[in-house]
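J.: Okay, here's what each chain looks like letter by letter:
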Amino acid sequence: MPVEIDIARVAHLARIALTPEELETYSAQLLDILEHAERVQALPTEGVEPTSHPLAMVNGFRPDEIGPCLDPESFLSQAPDTEDSRFRVPRIL
Amino acid sequence: MTAWEAVIGLETHVELSTKSKMFCSCPTDFGDEPNTACCPVCLALPGALPVPNEEAIAGIVKIGLALECDINESSLFYRKNYFYPDLPKNYQISQYTFPVCEHGTLDVDVNGEPTVVGITRVHMEEDTGKSSHIGDGGGRIHDARHTLLDFNRAGVPLVEVVTEPDIRSAEQARAYAAELQRIVLSLGVSDARLEAGSMRFDANVSVRPVGETKLGTRTETKNVNSLRSLQRAISFEIDRQIQVLEDGGSIVQETRHWNEDTGATTSMRVKEESEDYRYFQDPDLLPLEVTAAWQDEIRSTITALPAERRVAIIEQGVDRETAVILVDSDELSGLFAAALGDGVPARTVALWLTGDVVAYLRRNEVELSSTGLTSEHLAVLGRMVDSGDLSSSAAKEVLIAVLDGDGGPGEIADDRDLLQVSDTGAIEEAVDAVLADNADALERIRSGDMKPFGFLVGQVMRHMGGKADPSVVRSVLEEKTTDSR
Amino acid sequence: MSDLADLTITEAGKRLRSGDITSVDLLDAVTRRASVTESHLHAFLTLDGEGARASAERADADLAKGTDHGPLHGIPVALKDNMCTIGVETTASSKILKGWKPPYDGTAVARLKAAGAVITGKTNLDEFAMGSSTENSAFGETRNPWSTDHVPGGSSGGSAAAAAVGSAFGSFGSDTGGSVRQPAALCGVVGMKPTYGLVSRYGLIAFASSLDQIGPFSRSVEDSVALLGATAGWDRYDATSIKGPVPNFGGSLTTGVQGLKIGIVKELMGEGIDPQVLAATIAVADKLTDAGAHVVEISMPSTEYALSAYYLIAPAECSANLARFDGVRFGHRSTVEGTTEDMMAHSRAEGFGPEVVRRILLGTYALSAGYYDAFYGQAQKVRTLVRNDFTSAYAQVDVLISPTSPTTAFRIGERAVDPIAMYYSDVCTIPSNLSGDPAISVPIGLDDEGLPIGFQIMAPALGEEVMYQVAAAVERLVEFDQRPALATSEVAPV
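The listed protein sequences derive, respectively, from chains A, B and C. With the numbering used here applied, the first sequence corresponds to residues 1 to 93, in that order. With the numbering used here applied, the second sequence corresponds to residues 94 to 578, in that order. With the numbering used here applied, the third sequence corresponds to residues 579 to 1072, in that order.
Simulated from the structure, these hints should not be mistaken for laboratory data. One or more hints might be untrue.
As the list claims (entries may be wrong) - Here are the simulated distance ranges between beta carbons:
(1) 345(B) / 8(A): 21 to 27 Å
(2) 44(A) / 203(B): 43 to 49 Å
(3) 8(A) / 337(B): 32 to 38 Å
(4) 1054(C) / 9(A): 55 to 61 Å
(5) 1054(C) / 47(A): 44 to 50 Å
(6) 306(B) / 32(A): 47 to 53 Å
(7) 161(B) / 47(A): 30 to 36 Å
(8) 196(B) / 995(C): 35 to 41 Å
(9) 44(A) / 302(B): 19 to 25 Å
(10) 879(C) / 161(B): 34 to 40 Å
To be verified - Simulated coverage check for chain A against chain B, where a stretch passes if three residues somewhere in it have a Cβ under 8 Å from a Cβ of chain B:
(11) 48-57
(12) 73-85
Computed from a predicted model, the values in this text were never measured in an experiment. Every residue, glycine too, gets a C-beta built ideally from N, C-alpha and C.
The whole structure should be built from the sequences, with the hints applied where relevant.
T.: Laid out in structure tokens, this is it:
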């Protein structure tokens, strides 16, 4: 499969601001890595179920019980910017 | 001129009222203090992991069963990847292929016209935090200088119910939404408060010429937080789209925002880029297994749904509209059910509750529970009317007095001298006296002219001081005017 | 041995309980050792002197009262800096987390504290555990104690170096594709990756959630058992942790290998494996045969695809796991003016190092529409094939063996410019991460440059007992007792 990468779109999806030079470097490196990944594509896998998890377990529920919350000061004090006990971010639009 | 048809699908988000959040043990019931119901998990601190709340899964299965869905014995959690500051992990744990519930239906009724709305899927996800936009625009995101984030709500269990595009009018959409709200309330899985955002609707609307089978371009309207605005927003959007198309324009696929004040939807004017959520199975979570046995267990906790309860009430002789009002109120339907019994007229009691009682509560701005009215009172009162001891107008007077806390119905009727005489002996005497005074009327009746009969009934009632049971009077009078013939 | 810092945990524990020494003495010994070695190695990012002293004093007081918390009571240990420690800076060696003090302890950390362990500090790693050399740290690389112009391996290079040199009695790392076993091999210590789900991941800063496991470094197999034992077991904060009783890991340490069936993985014994490593591995296999084991060659054909599959699966998971580092709630925020979206994108560009950016981009691409099936979907199917290979192998043998790393330690900078050469460092270790099975690296000797060689033993899920049984036998058979020249507190090293 011929590999094409719209690296600017990938960087945007990943929310990483990269310079044009950086984009070019990463694009070349990704292509190199993906060339190796093509080995994987060559392997016949018809009828093979994907494994997304090494364990054959299910659910892993917790009961609906209330536990302790953090003292807001313990995390707000580490935030880059806060106002009135809330996290502050720049304008969204 | 083209005749247009609207095609509507609804996506409804329902916050479940579990004690703790979907993936951590922070409470779902929190106060106004921001960021006080948070832990490493719902703040997405580095290293934190989600652990699913069993009760939330039981809750969504309940909803799925009530909507007659197929419950997938095995379903999966996915990560839906997008960056937004109110989404702490910058991915939402949701479902993609294999949601918990699929392929259901919900019957709705608009003015006696039933429609079946197909349910595509019901899936489990988590709520986001709350953004407050600060600036001159009064909280509008467009004019905000900055935004403040509170993560108390982040991670509250959220069920999304997605319909097929089966809805054809704003009224139907409203009826669907109202019925879904009733179901969710009746299941006890959510407080479903629209104004508080614990139940929210997004409406996908498109229009097409009648007869066309292809779907038109749709818009998605958000920020609808009452049943009334849902109906208004959809009506507006249908009209707007028809207008655009009739003017030769085309519909832009976009997200629109309902503005309650202007009564219009407006484009969100957000850069529309094709979303790529990069869904993949969440490796922090195991497959969900909802076994048939667990489904049965959950099913056994579901009490009668509103539709069934309405049918049961209608079968008692109550009209549909009254039945809807009764079933929508647990208090009223509770009193109604408890009052029923031998000799209690169901329809009369239902009308008292939905009419006189509701009006009383509204007029006096009181809660039903703070009045003295009990199901026992209703039963007694009902029997008194049924047996003819009390006229229906007198019964209403007694009912109000009971609500005022003046005592029990018997006592009040007695005190106020409202009881009717249905003792035939006394009535016979009165009838005899009236007939003796009105020989010509009797003569006319006997000769086949029934006109004076009503007059005679009135005379007897007057003779009895208005306290005779009119039906007894009638039958005695009938007997006496015919038997000597 | 005259220096306390060179004792094993077992030996130190015996002397603590005899009243001969105190936990504070042990802490003083590793602190003194670190004061000599750190300028050469840079194994630690944070040394929590005060906190460690308080814990050591508490351990001594408890023991004096007769309260004994078990084998780790009073023992100084070091933790990889991607394990959250309440109030103690935890960075994952990333600029994006510099200065962050978690408001909570991870489960493994909390269990170590409850077991009486004295946590001395946080060790260096490749940023977010992405790397095989500990060169990708935003705070400078760690060096190999056996030769400081060589890498210690990675990503848990700091923990491996600390255990090797005696600036900790034992330490913990995390292993996603070999990040405990490979540095253990390169630093000449024991390093193991437990069965996936045996040790809680809660509080471990995630790299690839379906592969990550916390595992210990030690200077003996017996110590490894003690360190694992303190951290293993079901945790209600990790949905993927295994319920049920914890196996008796150390139950067969002295049993030997008589009658055991051992498979040597054919595909990991050929091309790309350094001849000296190969020869040493074969020599140990022969010793196992001499000791009564049946050593047979086992073919696992999917193994050669494991590396490629891994480099799609791990980046895909990491692309989502690292999305939370956005400058909103913690960590670095860019001062670039603009919208929240700009703030996030610049914070991430400024905060992440190049290897992390590379993997996030790779993973984002592999998951994106139109490419999912070809890359991520196919990689997950290869994962199934790898697991199937293990399943059929374990139907024939009790454990599998191979080199841990295809080469001994390489020079600093040697592979830094070539991501793919670096990725190949994990070729022998990755299959066990994909299968979720336990594996351990045991030192078996030095190459002609004096650099350690590691020997890997792999076992089926929850087969830690037989894995340790063979590891202990190998330890006895090879009698590897060399220590790096740097492992001294007395002489200023050259």
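J.: Hints first: check each against the structure and report whether it holds.
T.: Against the structure, the hints come out as follows:
1. 345(B) / 8(A): 21 to 27 Å: holds, 25 Å
2. 44(A) / 203(B): 43 to 49 Å: Roughly 56 Å apart at Cβ, these two residues miss the hinted range, so it is violated.
3. 8(A) / 337(B): 32 to 38 Å: This hint holds: roughly 34 Å between Cβ atoms.
4. 1054(C) / 9(A): 55 to 61 Å: holds, 57 Å
5. 1054(C) / 47(A): 44 to 50 Å: holds, 46 Å
6. 306(B) / 32(A): 47 to 53 Å: With Cβ atoms ~50 Å apart, the hint holds.
7. 161(B) / 47(A): 30 to 36 Å: At roughly 34 Å between Cβ atoms, residue 47(A) and residue 161(B) fall inside 30 to 36 Å, so the hint holds.
8. 196(B) / 995(C): 35 to 41 Å: violated, 55 Å
9. 44(A) / 302(B): 19 to 25 Å: Since residue 44(A) and residue 302(B) have Cβ atoms about 50 Å apart, the given range 19 to 25 Å is violated.
10. 879(C) / 161(B): 34 to 40 Å: Between residue 879(C) and residue 161(B), where Cβ atoms are some 49 Å apart, the hint is violated.
11. 48-57: Holds, because 4 residues of the segment 48-57 of chain A bring their Cβ atoms closer than 8 Å to Cβ atoms of chain B.
12. 73-85: Holds: 5 residues of the segment 73-85 of chain A have a Cβ under 8 Å from chain B.
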